[in-house]
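> Sequences and hints are given; from them, build the entire structure.
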Amino acid sequence: AQSVTQPDIHITVSEGASLELRCNYSYGATPYLFWYVQSPGQGLQLLLKYFSGDTLVQGIKGFEAEFKRSQSSFNLRKPSVHWSDAAEYFCAVEKGSNYQLIWGAGTKLIIKP
Amino acid sequence: DGGITQSPKYLFRKEGQNVTLSCEQNLNHDAMYWYRQDPGQGLRLIYYSQIVNDFQKGDIAEGYSVSREKKESFPLTVTSAQKNPTAFYLCASTTGDGNYGYTFGSGTRLTVV
Chain A
1 AQSVTQPDIH
11 ITVSEGASLE
21 LRCNYSYGAT
31 PYLFWYVQSP
41 GQGLQLLLKY
51 FSGDTLVQGI
61 KGFEAEFKRS
71 QSSFNLRKPS
81 VHWSDAAEYF
91 CAVEKGSNYQ
101 LIWGAGTKLI
111 IKP
Chain B
1001 DGGITQSPKY
1011 LFRKEGQNVT
1021 LSCEQNLNHD
1031 AMYWYRQDPG
1041 QGLRLIYYSQ
1051 IVNDFQKGDI
1061 AEGYSVSREK
1071 KESFPLTVTS
1081 AQKNPTAFYL
1091 CASTTGDGNY
1101 GYTFGSGTRL
1111 TVV
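Taken in sequence, the protein lines are chains A and B.
Residues 1 to 113, numbered by the working numbering, are exactly what the first sequence covers, in order.
Residues 1001 to 1113, numbered by the working numbering, are exactly what the second sequence covers, in order.
Derived from the structure by calculation, the hints contain no laboratory data.
Ideal Cβ placement from N, Cα and C applies to all residues, glycine included.
Hints should not be assumed to be uniformly reliable.
Quick list of the computed label-pair ranges, beta carbon to beta carbon [what the hints assert, rightly or not]:
#1 A:E20 <-> B:G1016: 44 to 50 Å
#2 A:I110 <-> B:R1044: 23 to 29 Å
#3 A:T5 <-> B:S1080: 33 to 39 Å
#4 A:S70 <-> B:V1052: 42 to 48 Å
#5 B:T1077 <-> A:T5: 29 to 35 Å
#6 B:D1054 <-> A:S14: 46 to 52 Å
#7 A:S70 <-> B:G1016: 50 to 56 Å
#8 B:D1038 <-> A:D8: 15 to 21 Å
#9 A:K112 <-> B:V1113: 36 to 42 Å
#10 A:G28 <-> B:D1054: 26 to 32 Å
#11 B:G1016 <-> A:E64: 48 to 54 Å
Given below as structure tokens:
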């Protein structure tokens, strides 16, 4: 069965430092992969997605993610975080039918001033 | 601008009451979804619909009901059979044409009083 694991429940990063959020998936075929961001009390916003082709994908707000098939990973990165990046980040994989997504449990990003 | 509107933003339910959460989209999306979000548990799928007058149970459908009489609308009723309804509810939609990006509403926070 497909699954998504985000190993880190919380991550604390200093403002201006680089960021990497981890996502590992379990899926038999080439996956469709997504990262979403959720600000407190709000809905989710799509940051970026991977379907095929170039394994390094660029998203909004300066985020990027790299698909590594050999490691079953799709980690999210940002070179320099801003206080406004404090939010919860969700990784998801498309289930293969009905456009359903399987979600990770989320990683809460805390920014230190 | 197109988007998804969820209402109300906050809802209070007394024990034994049914309540209905509204979800309306003007994106011309075919597929719509209802998720429940509890702290530390990510998103759990309640119901989804791919076309008008058809919907399917998700992972946690017990105690909930939906209808899809119009393409734009996918209301969720939380019935008295749902024993622990206090949560944040999110509605989402997607085109189903291979784009696979979900658009989310801003959510409804339901509290039992």
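> Each hint should be assessed against the structure and marked as holding or not.
Okay, the hints, checked on the actual structure:
no., hint, in the structure
1, A:E20 <-> B:G1016: 44 to 50 Å, "holds, 48 Å"
2, A:I110 <-> B:R1044: 23 to 29 Å, "holds, 24 Å"
3, A:T5 <-> B:S1080: 33 to 39 Å, "holds, 36 Å"
4, A:S70 <-> B:V1052: 42 to 48 Å, "holds, 43 Å"
5, B:T1077 <-> A:T5: 29 to 35 Å, "holds, 33 Å"
6, B:D1054 <-> A:S14: 46 to 52 Å, "holds, 50 Å"
7, A:S70 <-> B:G1016: 50 to 56 Å, "holds, 54 Å"
8, B:D1038 <-> A:D8: 15 to 21 Å, "holds, 19 Å"
9, A:K112 <-> B:V1113: 36 to 42 Å, "holds, 37 Å"
10, A:G28 <-> B:D1054: 26 to 32 Å, "holds, 27 Å"
11, B:G1016 <-> A:E64: 48 to 54 Å, "holds, 50 Å"
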